[in-house]
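One line per chain: the protein sequences are G and E, in this order. Using the working numbering, you'd call the opening residue of the first sequence number 1 and step up by one each time. Using the working numbering, you'd call the opening residue of the second sequence number 1 and step up by one each time.
It is worth saying that the hints were derived from the structure and are not from the lab. Please note that the accuracy of each hint is not assured.
Taking lysine-lysine and the BS3-like style, the derived pairs with C-alpha atoms no more than 27 Å apart in a straight line are [claimed, not checked]:
(1) G:45 - G:64
(2) G:88 - E:202
(3) G:45 - G:88
(4) G:258 - G:248
(5) G:248 - G:309
(6) G:309 - G:212
(7) G:196 - G:258
(8) G:88 - G:64
(9) G:196 - G:212
(10) G:140 - E:202
(11) E:173 - G:64
(12) G:212 - G:179
(13) G:173 - G:248
(14) G:179 - G:258
(15) G:88 - E:86
(16) E:193 - G:173
(17) G:173 - E:173
(18) G:212 - G:258
None of these values were measured; they are calculated from a predicted model.
Read off the chains here:
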Amino acid sequence: MPDTLQRLTLLESIIGAVNLGAIVLDENRSIVLWNRWLERHSGWKADTVLGRDFFEVFPELQHKRIESAITQALRDNFQSLLSQSLHKSPFPLYPQAAATSDGRERMQQAVAVTPISLPGAPRHCLIQITDVTVAVGREKLLREQTMVLRSQTFSDGLTGVANRRHFDVAIDKEMRRAKRSGSPLSLLMIDIDHFKDYNDQYGHQQGDTCLKQVASALATMLNRSGDVLARYGGEEFAAILPDTEPGKALMLAEAIRKGVRALAIENGHEDGAARHITVSIGVATQSGAAPLDIDQLIGAADRALYQAKDGGRNRVASTAPATPPA
Amino acid sequence: MVNLSELENDALVEIFNIGVGHAAAAMSEIVNEEVTMSVPSITFLNRADAAALLGSKRDGDRICGVSQHYDGAFATEAILMFPEDKSLEIVRLMVGDSVPLQELTEMEQEAMSEIGNIILNSCVGTLANLFDSELHGSLPVYHVGTSTEILAVFGDQGDDVVLMLHIDFVLAKHQIHGYVAFVLDLSALHDLKEQVNRYLAKVFGTA
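Could you put together the complete structure from these sequences and hints?
Below, the structure written as structure tokens:
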């Protein structure tokens, strides 16, 4: 029957030409078809795998989901889908076929297992493998860009610390947590002294560098998990310190004050001597004993900051009735 | 609307619990973590009531559905359904991704389809095995929309009955409630009842 023969040749050519992997197993799970796409991406010629047991060729796939998918196709007549997200790259297939597969990344795969009914013969099953590497790469890029975008929305462009928006979200969250757990929450308002003079004398570019240096020093000193350092405005920073008693907050503030002075950034002269960049810090705490709302806490820290400025700068002041730092 | 005896009802609940047990084992194997699933109850509803039950939280809430068509001993459209936010939660628990986007991405939709594929094939497979019959199953199709929209995809014959399974899914201390709906026309419902009775007769050795 030349017609049948011609159709068979046509079908074989099509299976050889399609842009996906096709494996057919018989009822004993022996490989009876291995198309050209698979030869290309596995490096294995059809005649090396045909007639062999599927799990002898792929021993690492035994007891995996694909085994139950094959069983369900052959026994139950069900189709199965194996997604890339849950299985990554089950088959040793590579974007470019080559002699060696060492150190190369496998192709990302989506797999479908389909029963094939044959007249007068036991059911077979077809395993189709699609290359989804491009789609996976696209989603990875999407996630990475989302990450970047998200961190940009919440960080200060110049100094890299949290921005005001992040501060507003964080203080709200920490305040609720503190009230629920009855734990103290301290807030530091940190302002760079005589920063206008610095800008006037050294220019705005140098001013930006100074802000970055101070911010990075503050961030290094506020390194407990949960601490949030944010740029609150121009040369003003705010630090949210969860689970921090007034005494501990004052100690931290004092360490920060000393740390910034130790940067030894020159800021003109005063009374003939070199003056350095320093900070004034206002400290306030809300606790179970002295509950405050967010505005009251920020207001209290602000008032303390003005006290420190009035007191001559380069100092720490607190509105909380706490013991002063040793 | 549908009169199942208590015995028939209990038999179906038990069969579906075996089914989702298999599905949970398959999913545990994939994620290397304990997954448990159970079917606390089943209900027969008409299509409108089924849609109302799924959309009961808020009108217009979106549902994610994964459907497969089965035919053979009886014909049915089987649909696994979770509220959209819950399906995001399931997929991310299963895949373990750290950057959640607002909707399921293409790859995540496929993972959701696979989860549906596992659960539906296990349920229907157990049913078919115990009934000693064979069904042919399609590949899963992913849907998103309101419950009414999703159920409307499968034609709209007024006398359709929906067999609704309540499913409890537990993974990594998260408990998520979902549903599996089997849309059955009257002849499929008749076939299903007959199969249940044949199974019960076999189990109890009476006719």
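Verification of the supplied hints:
1. G:45 - G:64: Given that 27 Å is the threshold and the Cα spacing comes to 25 Å, the pair holds.
2. G:88 - E:202: Cα-Cα ~44 Å, so violated.
3. G:45 - G:88: 24 Å, holds
4. G:258 - G:248: Satisfied, since the Cα-Cα distance of roughly 15 Å is no more than 27 Å.
5. G:248 - G:309: Distance ~21 Å between residue 248 of chain G and residue 309 of chain G Cα, so the pair holds.
6. G:309 - G:212: 22 Å, holds
7. G:196 - G:258: 21 Å, holds
8. G:88 - G:64: 13 Å, holds
9. G:196 - G:212: Distance ~16 Å between residue 196 of chain G and residue 212 of chain G Cα, so the pair holds.
10. G:140 - E:202: 54 Å, violated
11. E:173 - G:64: 25 Å, holds
12. G:212 - G:179: 34 Å, violated
13. G:173 - G:248: Judged against 27 Å, a Cα distance of about 21 Å means the pair holds.
14. G:179 - G:258: 32 Å, violated
15. G:88 - E:86: Roughly 23 Å separates the two Cα atoms, so the pair holds.
16. E:193 - G:173: 55 Å, violated
17. G:173 - E:173: 24 Å, holds
18. G:212 - G:258: 17 Å, holds
Consistency with the previously given hints fails for numbers 2, 10, 12, 14 and 16, ordered from lowest to highest.
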